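For the sequence shown, my numbering begins at 99 and goes up steadily by one.
Think of the hints as simulated: they come from the structure by calculation, not from any bench. Model, not experiment: these values are computed from the prediction. Please note that the accuracy of each hint is not assured.
Straight line, CA to CA, 20 Å or less: simulated EDC-like cross-link-like pairs of lysine to aspartate or glutamate [claimed, not checked]:
1. K332 with E343
2. K462 with D162
3. K108 with D377
4. K138 with E343
5. K181 with D165
6. K205 with E260
Per label pair, the in silico range of CB-to-CB distance [claimed, not checked]:
7. N270 with K110: 46 to 56 Å
8. P167 with S188: 24 to 34 Å
9. S368 with K257: 33 to 43 Å
10. N214 with S267: 37 to 47 Å
11. K108 with K298: 46 to 56 Å
12. F420 with R308: 38 to 48 Å
13. Q133 with L353: 19 to 29 Å
14. K111 with E343: 13 to 23 Å
15. K111 with E273: 51 to 61 Å
Don't be surprised by glycine CBs; every beta carbon is placed ideally from N, CA and C.
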Amino acid sequence: SSIVTALAAKHKKDIHSFSIGFKDEPFFDETKYAQLVSKKVNTKHTVFSLSNQDLLDHVFEVLDYMDEPFGDSSAIPVNILSKFTKEHVSVALSGDGADEMFAGYNKHYAEFRVRNAGFVNQLLKSVSPLLDLLPQSRNSKIANLSRQINRYSQGAKLKHKERYWKWASILNEEEANYLLKEKRQEQKQRASDEAFQYKKRKEAILKTIRKTGDFNDVLYTDMNLVLKDDMLKKVDSMSMARSLEVRTPFLDHNLVDFAFTLPTEFKINSNSRKKILRDTFKSYLPDEVNDRGKMGFEVPLLKWFREDLRQLINNDLLEDNFIEEQGIFNLDAIKNLKLKLYSNNPKDAHATVWAIIVFQHWWKKYMQN
């Protein structure tokens, strides 16, 4: 998005730019970097600085905008950003597509490390048992680093397709099955049919990733899975709910075609992701922005679930009696998930809980009666 901002500002004077800040959560706040970009390229920048309460006030409004269960929690800040942006403009530009085309995600760097194994790679894989003993969450730099290294070391041991699936998933198949109440012995045929359909869908998604193929195989899979079914879905539904049109310059078909002709070394190496973009536009952006790592557009879910939304979990959407009467989820699995969420080592439990909450809200709204 910084590159899109810089290029737009070069072609049009006095252009507006917008960003969200999290004033209660410094770990998630990127206001400083957005302001540096604005100052460098001379835009009229507006920061919408939100408290945790501001975010919480929009949670159920955002859930109501979803006509199907959608588990990406960054839909909340995207919706709020769209709401405030619409007060100034009717059409906005975003940077969606750059990470998928030019290898910008952590999982891309992880895949590169596995394909270019060395001492560091072997060291990280070997420390996996030790990392299980350390607190892992997204709530602080150290805990998040521990979580990322542990995910890497687990995935690095897998074959190429399963490795991608591991790093693209919140849960593995065994964990997901455990969450469901399905009585396998009583409904063997249904379970078998569903497993077959899941396997068929998974194989179709992963067929483009070849063991000896170039890195574009992985990026192409991301384009068809992550970009199409998550990023673009999120931005489109949340912005249109606010009557804001968002356009994506990186997804111009000529640029996409060109990007997939580039070799791996133009996109990623041991020191850099989205290398060709960083090299090309280095003079356009502040060094602090050009040199920093990837930061997701996240909200402090773990903190919410432990504080403000704790009653929603325990007394409503994941309440024991409701889970039993609903008959969809395994009550023991839900109890264990909540214990993990409130423990000193929650890992990615908050993401699973959020996905279930989104489903539960949707189910109560459309299916319960």
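Hint check:
1. Taking the CA atoms of K332 and E343, the gap is near 13 Å; set against the 20 Å cutoff, the hint holds.
2. Between K462 and D162 the CA atoms are separated by roughly 11 Å; this keeps the pair inside 20 Å, and the hint holds.
3. As the CA atoms of K108 and D377 are separated by approximately 18 Å, the hinted pair is consistent with the 20 Å bound.
4. Distance restraint check for K138 and E343: the Cα-Cα separation of roughly 26 Å exceeds the 20 Å cut-off, and the hinted pair is therefore not satisfied.
5. For the hint linking K181 to D165, the alpha-carbon distance of about 19 Å falls within 20 Å, and the restraint holds.
6. Of the pairs offered as hints, the one joining K205 and E260 holds, with about 13 Å between alpha carbons and a cut-off of 20 Å not exceeded.
7. Roughly 47 Å separates the CB atoms of N270 and K110, a value that falls within the hinted 46 to 56 Å.
8. Restraint check, P167 to S188: a C-beta distance of roughly 30 Å satisfies the suggested window 24 to 34 Å.
9. At about 23 Å, the CB distance of S368 to K257 disagrees with the hint of 33 to 43 Å.
10. In this structure the supplied range 37 to 47 Å is violated for N214 paired with S267, their Cβ-Cβ distance being about 23 Å.
11. Range check, K108 to K298: Cβ separation about 47 Å, and the 46 to 56 Å hint holds.
12. For the pair F420 and R308, the beta carbons lie near 46 Å from each other, so the given range of 38 to 48 Å is met.
13. Checked against the given bound of 19 to 29 Å, the beta carbons of Q133 and L353, roughly 28 Å apart, stay inside it.
14. Between K111 and E343 the CB atoms are about 22 Å apart, so this pair conforms to the stated range of 13 to 23 Å.
15. Remark: the range hint 51 to 61 Å for K111 to E273 is upheld by a beta-carbon distance near 53 Å.
Comparing the model with each numbered hint stated earlier shows that hints 4, 9, 10 do not hold.
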